[in-house]
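S.K.: Full structure from sequences and hints, please.
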Amino acid sequence: MLRITDLPAFTDNYIWAIHDTQHAWVVDPGQAEPVQRWLASSGLKLRGILLTHHHGDHIGGVAALRVQSPGIEIIGPLTGRLAGTMPWLTQAVRDRDAVQLRPWGMTLQVLETPGHTLDHICYFTPGTANGTDLDSPALFCGDTLFAAGCGRLFEGSADQMWSSLSALATLPRTTRVFCAHEYTVANLRFAAHVEPHSARIAERLAASVDLRVQGRCTLPSTIEIELDTNPFLRAGSAAEFARRRALKDVFRA
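Take 13 as the starting number for the sequence shown in the working numbering and just add one per residue.
What the hints contain is simulated information worked out from the structure, not anything from laboratory work. You can trust all of the hints, since none of them are fake.
Have a look at the derived ranges for each label pair, beta carbon to beta carbon:
1. ASP240 <-> GLU45: 33 to 39 Å
2. GLN121 <-> SER54: 25 to 31 Å
3. ARG106 <-> ASP240: 28 to 34 Å
4. ARG224 <-> ASP145: 21 to 27 Å
5. GLU207 <-> THR33: 40 to 46 Å
Even glycine gets a Cβ: it sits at the ideal position worked out from N, Cα and C.
M.R.: Here it is as structure tokens:
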């Protein structure tokens, strides 16, 4: 049975592991050590790595994991810095390509989502319907879509990010959102500033604060929750998105 496990890294990163009782794939291993410890304690064999973009806190652990697990598959975007500077990619992918996770035969669809970086991609599965954590749709979205937020515009434009977020917003509402950072509380404080009368945002903020006090992960979210409480998905236009993104860049709760 396939499962999804969060592996905390750095101060607020999550490395997502897709695994059964023998094999594992990991998404955006910015650090090798959390993955190595988890593999050792779980007795699992690393089969592959999925990369969403080229930032160091997402790819920094790849070199050590390649040494520890020779012959693993490493999949990342066809365009941009990752493809140009990482010759160890075993498969470079573009929008709508299919990625096979061996040995399970499970397929993920690649979605190009420029904005945070120009080469950013996400991985989506509509669900397997075979009694696992991947029964329902799932999205591994790196730094494009966060719980109640979105990534900063380091390379792309506001128009590009708005287009990317708008595309993700059309995924099934039950799609679980596995983003790469624990930014939920800070993002919801900004959301409450933008929409101070939203009961749903207030309720989600209180629940997320409680989870963090307990030391628990606030993820995954869902597309439905994001449509209700994410101020960037709720912007309504590229111009309003750009205004909110600029405001968030300087916002202090």
